[in-house]
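**Q** Sequence:
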Amino acid sequence: MSDYLVIVESPAKAKTIERYLGKKYSVKASMGHVIDLPKSQMGVDVKNNFEPRYITIRGKGPVLNDLKKAAKKAKQVYLAADPDREGEAIAWHLAHSLGIQEDAPCRVVFNEITKDAVKSSFKNPRTLDMDLVNAQQARRVLDRLVGYNISPLLWKKVKKGLSAGRVQSVAVKMIIDRENEIKNFEPEEYWSITGHFKKGKKDFEAKFYGVNGEKQGLKSKEAVDQVLNQLDGKNFDVKKVNKRERKRNPALPFTTSSLQQEAFRKLNFRAKKTMMIAQQLYEGINLGGREGTTGLITYMRTDSTRISDTAKNEASTYINENYGKEFLGPNRKAKKSEGAQDAHEAIRPTSPNRAPLAIKEKLSRDQYRLYKLIWERFMASQMAPAILDTVTAHLYNNDIEFRASGSEIKFKGFMKLYIEGTDDNKKEENKILPPMKEGDVVKAEDIQPDQHFTQPPPRYTEARLVKTLEEKGIGRPSTYAPTLDTIQRRGYVALDNRRFIPTELGEIVINLIKEYFPEIINVEFTVKMENDLDDVEEGSKQWREIINTFYEDFEKRLEKAEEEIEKVEVRDEPAGVDCEKCGHEMVYKMGRYGKFLACSNFPDCRNTKPILKEIGVKCPKCKEGNVVERKSKKKRTFYGCDQFPECDFVSWDKPIDRPCPKCNSLLVEKKKKKGTQVTCTECDYEENAQQ
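Numbering-wise (UniProt numbering), the sequence shown opens with residue 1 and increments by one.
Keep in mind the hints are simulated off the structure, nothing from the lab. If you're wondering where the values come from, they're calculated on a predicted model, not measured in any experiment. There's no promise every hint is true.
To be verified - Each pair of labels, with its calculated beta carbon distance range: (1) 101 - 325: 52 to 62 Å; (2) 49 - 636: 47 to 57 Å; (3) 272 - 161: 12 to 22 Å.
Where is the CB? At the ideal position from N, CA and C, for every residue including glycine.
Using the sequences provided together with the hints, build the complete structure.
**A** Next comes the structure, spelled out in structure tokens:
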């Protein structure tokens with residue numbers, strides 16, 4: 001029998017911690033929450049000061065009984081749930097169920113699951129933090145009051161299976177607002193003039209800047225012609241050359257939000273997938289040998305960029321030994337964003353010395369890619385700034401000024417290891433200009449005017465939406481991934497080319513909420529509520545007072561909505577084709593995995609089929625069918641014949657509508673790091689795809 005019982009959430013975490021603590025400790029997993037509000041009803045007694053009604057979660061009875069038996073045999077019980085509000089709430093529920101007093105030093109927390117961190121935490125157990133618990137209770141009660149009151153209203157007035165919530169409703173409204181911006185956008189014409197110059201044997205580009213030293217925009221063809229007519233020949237005088245040295249600092253270590261954004265940009269991971277893999281890396285991976293099961297990263301739900309001195313020192317030693325002293329960075333202070341709780345460190349590797357390549361074979365492909373991203377970002381944040389030499393040449397011809405800009409990396413610094421991604425995937429170009437000095441003359445080989453039109457704001461990708469939610473102070477790190485998942489599962493938004501577009505259903509729901517519950521989708525209200533919850537966590541506000549203030553007005557709006565909202569009919573969109581089984585019109589339906597085709601004669605006819613997107617290529621196998629784009633169960637795109645199952649042609653790569661010029665076989669497009677490449681499926685022929 002073990003002297004001490006330690007309770008954590010997951011078996012993986014239990015396995016890692018048990019190895020560190022030794023034989024006197026027994027570590028068991030609660031498998032997440034064991035006590036919670038009931039799913040089948042609100043579980044909040046509004047008339048009794050919003051008292052929550054907690055129950056044992058269905059299916060968790062045996063787990064709780066097992067923990068109770070183990071607790072009775074142990075001298076001391078330690079509760080080691082995650083170091084956040086939700087973890088504190090789990091520990092509080094367990095303490096009540098196991099008969100542990102609230103003032104007992106039973107709570108242990110650690111930001112990383114390493115031997116030193118775990119052992120240190122057990123030397124200093126603390127009592128349960130009721131402010132943290134109450135902040136979590138307030139969030140749960142508030143979400144119940146909103147969700148379990150508005151959702152049934154939506155079921156009754158619109159359709160079953162809908163839901164409403166504070167953060168998810170704001171997110172959907174943002175996507176709708178962006179779509180309306182795009183629809184109402186009126187493009188404006190503008191022009192640019194690019195000169196292709198030669199200096200010696202070196203070619204370079206310069207763009208029109210202005211006239212007589214003043215910047216001038218070009219809004220019409222007439223304005224362009226006026227500039228071109230003023231030019232006198234092809235020779236330009238170099239009037240001025242500006243040279244300067246510019247420093248570029250590395251990005252700070254990851255927070256939850258920035259990790260989700262960068263994993264989307266660089267790894268194409270959805271927020272939900274990023275958090276799932278990060279959880280695995282945090283709880284522990286079996287590295288074999290003396291290290292065994294070890295936590296590879298610090299806690300992944302954080303809004304802080306703060307780093308411990310120990311981690312900084314280890315990183316500095318590694319950088320000095322592997323890159324050289326000149327790559328060591330200055331001691332940069334963490335940047336605390338407005339509203340950040342700063343309860344934990346940034347997301348970083350638990351040991352900077354554990355390089356990704358050294359443990360690659362112990363990790364799955366996705367685990368390795370995410371760990372490598374976290375490791376490189378953290379190490380780069382501790383490295384020296386990059387130094388770039390920038391040059392701007394001012395070229396004149398009859399008072400018309402063109403400017404040529406270029407830069408060259410003088411010292412790579414952190415860029416030797418890592419460069420932060422961008423939402424639009426634009427690659428930074430380092431154009432190197434030929435040597436020029438004041439008084440030189442350069443010749444324009446060609447001067448080309450180009451017409452452009454201003455573009456509407458882009459639709460939200462997951463990365464952009466998470467970034468905007470964070471900037472506006474909506475939600476907290478732990479809410480982003482489940483929020484994005486929920487609004488897609490409910491059918492409020494869909495993804496088109498990795499970008500969110502609202503559905504008709506989403507617009508109907510948000511319009512109803514906007515009319516009857518405007519505070520729910522009001523950004524300022526949502527931000528204030530998050531700040532109030534933070535005040536509860538800090539002990540400066542009482543959670544019931546916050547809920548009561550909200551509910552007084554909400555209850556009146558609820559009664560008004562019940563009386564005034566009429567039944568909304570969500571019509572199915574005609575697909576323009578007839579059902580091959582009964583002849584009735586096929587319509588588009590929204591299902592769990594997105595849109596599909598269904599017969600309008602349901603339930604008499606239950607014919608359904610997926611929406612097939614043709615790519616304009618005949619099937620290379622049966623020669624009769626057409627190649628269509630399909631989705632696998634894991635939502636990965638592949639290509640197959642529309643005559644399936646009669647024809648079983650499939651390809652992960654997109655087929656091309658022309659044969660290989662070398663062997664006449666099938667050509668396909670392959671996605672490579674440097675772009676798309678056309679290759680033959682049989683021989684070694686390849687070419688760069690035209691973008």
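**Q** Honestly, which of those hints from before does the structure not fit?
**A** none
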